[in-house]
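**Student:** Given next are the chains, with one letter for each unit.
Number of protein chains: 2
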Amino acid sequence: MLPRGRPRALGAAALLLLLLLIGFFQFGGDVEYGRPRGAAALDGEPSADRGGHNRSDCVPPRPPLPKCELLHVAIVCAGPNSSRDLVTLVKSVLFYRKNPLHFHLVTDTMARNILEMLFHTWMVPAVRVSFYDAEELKPQVSWIPNKHYSGLYGLMKLVLPATLPPDLARVIVLDTDVTFASDIAELWALFAHFSDKQVIGLVENQSDWYLGNLWRNHRPWPALGRGFNTGVILLRLDRLRQAGWEQMWKLTATRELLTLPATSLADQDIFNAVIKEHPRLVQPLPCVWNVQLSDHTLAERCYSEASDLKVIHWNSPKKLRVKNKHVDHFRNLYLTFLEYDGNLLRRELFGCPSPPPPGAEQVQRALAQLDEEDACFEFRQQQLTVHRVHVTFLPHEPPPPQPHDVTLVAQLSMDRLQMLEALCRHWPGPMSLALYLTDAEAQQFLRFVEASAVLSARQNVAYHVVYREGPLYPVNQLRNVALAQALTPYVFLSDIDFLPAYSLYDYLRASIEQLKLGSERKAALVVPAFETLRYRFSFPSSKAELLALLDSGSLYTFRYHEWPQGHAPTDYARWREAQTPYRVQWAADYEPYVVVPRDCPRYDPRFVGFGWNKVAHIVELDAQEYELLVLPEAFAIHLPHAPSLDISRFRSSPTYRDCLQALKDEFHQDLSRHYGAAALKYLTALQQPRGPA
Amino acid sequence: MLPRGRPRALGAAALLLLLLLIGFFQFGGDVEYGRPRGAAALDGEPSADRGGHNRSDCVPPRPPLPKCELLHVAIVCAGPNSSRDLVTLVKSVLFYRKNPLHFHLVTDTMARNILEMLFHTWMVPAVRVSFYDAEELKPQVSWIPNKHYSGLYGLMKLVLPATLPPDLARVIVLDTDVTFASDIAELWALFAHFSDKQVIGLVENQSDWYLGNLWRNHRPWPALGRGFNTGVILLRLDRLRQAGWEQMWKLTATRELLTLPATSLADQDIFNAVIKEHPRLVQPLPCVWNVQLSDHTLAERCYSEASDLKVIHWNSPKKLRVKNKHVDHFRNLYLTFLEYDGNLLRRELFGCPSPPPPGAEQVQRALAQLDEEDACFEFRQQQLTVHRVHVTFLPHEPPPPQPHDVTLVAQLSMDRLQMLEALCRHWPGPMSLALYLTDAEAQQFLRFVEASAVLSARQNVAYHVVYREGPLYPVNQLRNVALAQALTPYVFLSDIDFLPAYSLYDYLRASIEQLKLGSERKAALVVPAFETLRYRFSFPSSKAELLALLDSGSLYTFRYHEWPQGHAPTDYARWREAQTPYRVQWAADYEPYVVVPRDCPRYDPRFVGFGWNKVAHIVELDAQEYELLVLPEAFAIHLPHAPSLDISRFRSSPTYRDCLQALKDEFHQDLSRHYGAAALKYLTALQQPRGPA
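Protein chains in written order, with my numbering: chain A, 16 to 708; chain B, 16 to 708.
This is chain A alone, in the form it adopts within the complex:
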């Protein structure tokens, strides 16, 4: 019996073993996420860190990072200030990301203008951006009384499932005031932890707000315990749509608003009320994914243990000025990306093939065709450079539509910032200024404006940041950016070192009207240019005073000593006596400062660095048959300054003149192609020997 019995016993044991192993693996399967499926987790430490300390031989893996999977991110953004925040957030995401990204931006018109241009010129590979009109969403949330500083825009996160494309199943939703300190794919990977019923991933609120005991009669919206913070959300859009999310939140909100006067924390109150009612919808996320730096934050409980913070949330209305024992640490992380050179993020993703951003291929091809041995290589390269452009960097009131209004257009870099206050005092009208800055300088500029009472008070000055790249100053690209952003029918094309006569703004508007500029007369109004070589200088309050200073040798006509042909055609002798506008003829090298309709020809962007950049524009105006009319009461005075770094760097370069000559030649060739025989005169004028003007 034994011989037969043994196999039987062994068979039974084998069966038992099999069953046990199956059971073990199933148990192991549940261990994978460290908790029974569907149960909530609210861990201080992300699973990877626990993995490191886990001494068992079979560790729970961290959720797989999706290699090359397209990740979707939705952000609501309105106005210039939020747009700046969004850029910093996006920089932090791009810095760590290894996946292609698709940003879904719900924006007002202002933010859309800013961000569309920004992303278009940023040209980051493997980044797509879609815009959704916040205006259209307003009716869906405007019925909710709301006291939060984010206004209606905060509430728009509620309507994302209906707003985003119907085939979009998952999205990460972010507030503009968060900063990433890790790869966003790790956050995306947490979708894998959702049970079948869970639709929304959130981090617990790190304050006692929802406990309702902050002050007497503090009545927050209902929430599970401390509630959840909605600065970082994982949304299963597919399941939300299926579950009838829209009715769900509207029903809850309507009911709560019967007893509560308004939302205090916008969408967050409503999300929490819904979750309180349907706790199974939520997948709690590890606290490191939304470290909240509000005024009375409890975040230290989270970050004091974690070695690895993933996302910082500046959710105090004080933002970076919030008081908090460790705020310097977090501020440093934020400043890292605030000042980070966004151009460095234009790097491709290895191992994730993706189409190049629009326009990039063309630029790449043109760059590849350049000859590095060409003496003018730097010029060619600079001409082809696509600069990242952030228009309306600061809040700005568009000027009210007026038929004869005129915007002062100019460009500058950091070394001319101190001109802005004086310029504001001389020109009360609208200005459109392009600033050539690094990302860090843009922040210095911001602080400079904030610290200046004169500048802060002005609503009609629009600042457009063009980010530095390459060794040569792209003067005409800058002028074109400022020109394109001017919103009045006329523009005064000036330079930053000139202070206009105090009366110029009024006088120009009157002249435009009298001369019927643009409508009946195709003309450029010339503002005669003067200069002082002295720092301490009392600005003339009238033409008579100016003439007296000229006679006493305190003022000169502009560049009288070094480049008289630049302004000689203005005919200063005639101007002295003139009572009415007079017409002058174009001549070689003429480069007056002019007032023209906004739709005037653009500047030729091939002129980078210094030299001939305005001359070419005046040639273009003349070729297009603009009359040149000198205004008898107009003037602007150039203030002295040390030569800029760019000028000194390149004036000394021996190849510089040769390259400028090459650019001029090409400009004339293109001119002939455009205007045919009519353009001959410019070439002839150039070749004529000049008298001792």
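A few of these clues could be false.
Because identical chains share one entry, a pair is satisfied inside a single copy or across any pair of copies.
[Stated by the list, open to error] Derived pair list, reagent style BS3-like, types lysine-lysine, alpha-carbon separation capped at 30 Å:
{"#": "1", "residue 1": "Lys153", "residue 2": "Lys333"}
{"#": "2", "residue 1": "Lys113", "residue 2": "Lys333"}
{"#": "3", "residue 1": "Lys291", "residue 2": "Lys162"}
{"#": "4", "residue 1": "Lys82", "residue 2": "Lys113"}
{"#": "5", "residue 1": "Lys162", "residue 2": "Lys333"}
{"#": "6", "residue 1": "Lys265", "residue 2": "Lys153"}
{"#": "7", "residue 1": "Lys265", "residue 2": "Lys212"}
{"#": "8", "residue 1": "Lys212", "residue 2": "Lys82"}
{"#": "9", "residue 1": "Lys212", "residue 2": "Lys291"}
{"#": "10", "residue 1": "Lys291", "residue 2": "Lys265"}
Worth flagging that the hints you see were computed from the coordinates, not collected in a lab.
Following the hints, put chain B in place on chain A, whose structure we already have.
**Tutor:** Here is chain B on its own, set in the frame of chain A:
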């Protein structure tokens, strides 16, 4: 029977289960490292990524990251250029690190001076630095003929086991030309993969160099296959010492040098020869830990697959100018840290308690005692700020010792860079200049010097970078940095906007000798100061010419219009006629430019921003009984410039004058404390009503 049989069967089953589970766990234990213990791995992908794709429920974990473990890093570094590289490397390490670090730096004297000051002023928490004298190690490697550009210093990695502290068991060794893109603890964690016999972890060489077929008669040193690259090394120092590493490599090197004329790749040739002989010593590391961007790199095989690069190695002699299809990508990563604001890395490590860096606690305490509501809070804060200082930013020849030599000392920020060339033309002697810059500006400065023939040619100008922090210009801290770095017995304490007379350097040395300055006479030699308000200006070549310009109104005595008392005591009328040096008396607000022995009193660092910073220094000289001797042939001329941003920002501030007054008062209190009744005269002088000087 059944009732009794069941319990027994269950008992047997339970025992079986127990045995099975134990077996399972043990099996799991071996799986932990993904391969049998002791076997080598040479993976393109780090194990974490493979883990991500593993779909089984129990995945091999990545090696545990050692939370709060102190990690040791050794780097050999010589000279100013390598020191700059090292800083960039360290910034990249610090950016991602979460562990305390101990850097072991093998340096020459120059690098030690630079780096000791840098780390001391950087004050990064949880970073220790030890220095080892490269000079002492030279005899141990100088017998090896070597053709590599790193010279003797490259070979010093071989002697680290004997050089580093005997109780140090493990160290990561890095070349200065690597950049981290990940947490160095992940690299440290790879020590856990070493078998009992392995002593050194290396990445395979990513070129065909060691295959020996690059050109005819190319005879590389012996290596296993492609060999290994020594830009990134994990060293088990304990085992190396035990295994007799010193004899081992010396034996191998000596033997190979019988047939090979010299090492071509320094230490790397010898490491490879030893490994070829003892292949069991090496633990190959994943290629992402040393992505080599040499000229004919095969690195693409590594990075084209990996989504995650860990360390970039610029191991071409061309460094960033290396040609490579994807070099822009890598360059961006490098530039990220090159331009990164190192101040932002002064953040503490949460969850890893570590002693504050030396001096930091004191500063923190003082800062904590400040009253944020105090109107002068910004001044107080700025005074307490410890600026990161990088002395000798560019290569510099110390001046040969000469008993009467004099160094021009000055400080500047970016907006005065264009003064440097003119200054070099006027002053052929040594200069010590402190530059107040951001990290990004320091790189612009570097390019500016490289692009200038005049500046590149000068070996006796030392540039010291003081990194910007805070809103006020720390003018006296900058002066003190420049002063402390002057290497001649005398210094000319000037300002960057002044051009000295062409003859001044020679004349000062002669005067110092004649007047026996310092040795027999405790005096400050006054260099009379003038100014021009014009840009275009022909510099006088003699005192006679200068006087003519003064008479014609082209020149003025310095600040004649706004602050005559600053220089009136120089007595310009007397100077006009003087043939020999003459003594003048101190008077209130006197601030001449002077020549003094190098050991003169330092500037008072409490004066930040603008105003009274030089005045206080002259008071200090007078209190210490320096004679003030005006030199009859000396002069310097101030060139005009636009007011700096800092000046315009604070001149307009209403609290500025009040705070300056408070600083003055405190200065006088300290003066009384130091000099007793003798200091009364300064207070009295200040309180006297002044005539219309």
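**Student:** Now tell me, hint by hint, if it's right for this structure.
**Tutor:** Tested hints:
no. : hint            : in the structure
1   : Lys153 / Lys333 : within (26 Å within a copy, 57 Å between copies)
2   : Lys113 / Lys333 : between (32 Å within a copy, 28 Å between copies)
3   : Lys291 / Lys162 : within (21 Å within a copy, 73 Å between copies)
4   : Lys82 / Lys113  : both (8 Å within a copy, 25 Å between copies)
5   : Lys162 / Lys333 : within (16 Å within a copy, 60 Å between copies)
6   : Lys265 / Lys153 : within (14 Å within a copy, 78 Å between copies)
7   : Lys265 / Lys212 : within (20 Å within a copy, 68 Å between copies)
8   : Lys212 / Lys82  : within (26 Å within a copy, 36 Å between copies)
9   : Lys212 / Lys291 : within (15 Å within a copy, 59 Å between copies)
10  : Lys291 / Lys265 : within (14 Å within a copy, 73 Å between copies)
In terms of the numbered hints stated before, the structure departs from none.
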